Amino acid sequence: MKKKHTRQNEYCPLCGGLIEDRTIVHEERDAQGHLYIFENVPARVCDQCGEVWLPAATIDLLDEVIAKAKPKKTVETPVYDLAAQR
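When you line the sequence shown up against the working numbering, it's residues 111 to 196, in that order.
Because the hints were derived from the structure by calculation, they are not lab data.
Note that this is a predicted model, so its numbers are computed, not measured.
It cannot be assumed that every hint is accurate.
Here are the computed lysine to any residue pairs in the SDA-like style, where the Cα-Cα straight-line distance is at most 25 Å [unchecked claim]:
| # | residue 1 | residue 2 |
| --- | --- | --- |
| 1 | K182 | L124 |
| 2 | K183 | E120 |
| 3 | K178 | N119 |
| 4 | K182 | T133 |
| 5 | K183 | I147 |
| 6 | K180 | L192 |
| 7 | K182 | C125 |
Starting from the given sequences, assemble the full structure and let the hints guide the process.
As structure tokens, then:
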């Protein structure tokens, strides 16, 4: 995760840590029954507990990319059912 200059003293409501602007290297989103993986996503991250918030503009961008952009690559992902393992 890349750190960027933080806004003026915003604190995490969960732990009180400082919230920073960062770039998330890997973010997943489930939409319309499909799993989408995004790289280099702008986010707000607590410097203590690591809680992540996506700004509304970022969420809008993710939705737009899903609707209009062609992915740079596609990956196959295995799915496991742990109930079958007990």
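So, going through the hints one by one against the coordinates:
For a cut-off of 25 Å, the pair hint linking K182 to L124 is broken: about 35 Å separates their Cα positions. For the proposed pair K183 and E120, the alpha carbon gap of about 36 Å is over 25 Å, so the pair is violated. For the proposed pair K178 and N119, the alpha carbon gap of about 36 Å is over 25 Å, so the pair is violated. A threshold of 25 Å between alpha carbons decides the hint, and for K182 with T133 the separation of about 19 Å falls inside it, so the pair holds.
For the given pair, K183 sits about 10 Å from I147 by alpha-carbon distance, which is consistent with the 25 Å threshold. Among the hinted pairs, K180 with L192 is inconsistent with the structure: their alpha-carbon atoms are about 33 Å apart, more than 25 Å. At most 25 Å may separate the alpha-carbon atoms for a hinted pair to count; K182 and C125 exceed this at roughly 37 Å.
Hint compliance for this structure: hints 1, 2, 3, 6 and 7 are broken, all remaining hints hold.
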